[in-house]
Amino acid sequence: MIERMRAKRAWEATLPPVNDLSQFDKRMRMMKEMEAKEQVVQVHQDTVDMYLEDTILENLQVVVDKQAREEIQKKAKKLNDVVIAMEESRDSLQSEEITSEMIYGFLIPEPEKIIIQQKGLLKQQKHLQAARRIIEEAAASSSRISPQEPSEQSVSVTKAANQVQEDTASQQVQEKQLDQTD
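To convert, note that position 141 of the sequence shown is 140 in numbering that gives the first Met the number 0; the numbers rise steadily by one, no gaps.
Hints are computed from structural coordinates only; laboratory data are not their basis.
Here the structure is a predicted model, which means the values were calculated and not measured.
For each residue, glycine too, the CB sits at the ideal point set by N, CA and C.
It cannot be assumed that every hint is accurate.
What the hints assert, rightly or not - DSS-like cross-link-like pairs, simulated, lysine-lysine; straight-line CA separation at most 27 Å:
#1 K7 <-> K36
#2 K65 <-> K76
#3 K122 <-> K112
#4 K125 <-> K112
#5 K25 <-> K36
#6 K25 <-> K7
#7 K31 <-> K7
#8 K77 <-> K65
As the list claims (entries may be wrong) - For each label pair, taking beta carbons as the anchor points, the in silico distance ranges come out as:
#9 K112 <-> M85: 25 to 35 Å
#10 V39 <-> Q72: 45 to 55 Å
#11 K125 <-> E87: 48 to 58 Å
#12 D80 <-> K125: 46 to 56 Å
#13 A129 <-> Q93: 43 to 53 Å
#14 E70 <-> V47: 26 to 36 Å
#15 E111 <-> E70: 26 to 36 Å
#16 L56 <-> K112: 39 to 49 Å
#17 A130 <-> E86: 49 to 59 Å
#18 K125 <-> M85: 35 to 45 Å
Using the sequences and the hints given, assemble the complete structure.
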């Protein structure tokens, strides 16, 4: 681009000086033609650049895919060799153990999911009970301080305790519904 600008300045310097209107028109026409040629060259250059970029990207993708396939094939071969070596070195008891692990891992994952869900619910209930105790203790201690009129703190603590109880009750209803659907 810099070279084009230099060439344009050099070309403009070679133009004859403008003495009258016809020479000025001629010079303007020549400059417009030069600009049009530059635009055509720029369009061609952009087209070539895009073509080269597309070609490079396509070739790069092909190379990356080829390398990935080769890497996968190498790893699959290594894994296959390990499996063959294990098969040759194991006895029938190990074969039964591997089979049972595969069955347990692939065919019977549902009981494990249920157990994990039940453990999660138990942990959640323990946390809710602990939160309820803390809130009730805070409510009890604040009610001992001013028994005549409830403070804003005791009202908010009581509301929080009620909310925890409602949440626990709705959670128990949802658990019963889940148990009935299973």
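Check your understanding: Which earlier hints can't be squared with this structure?
Key -> Every hint satisfied by this model.
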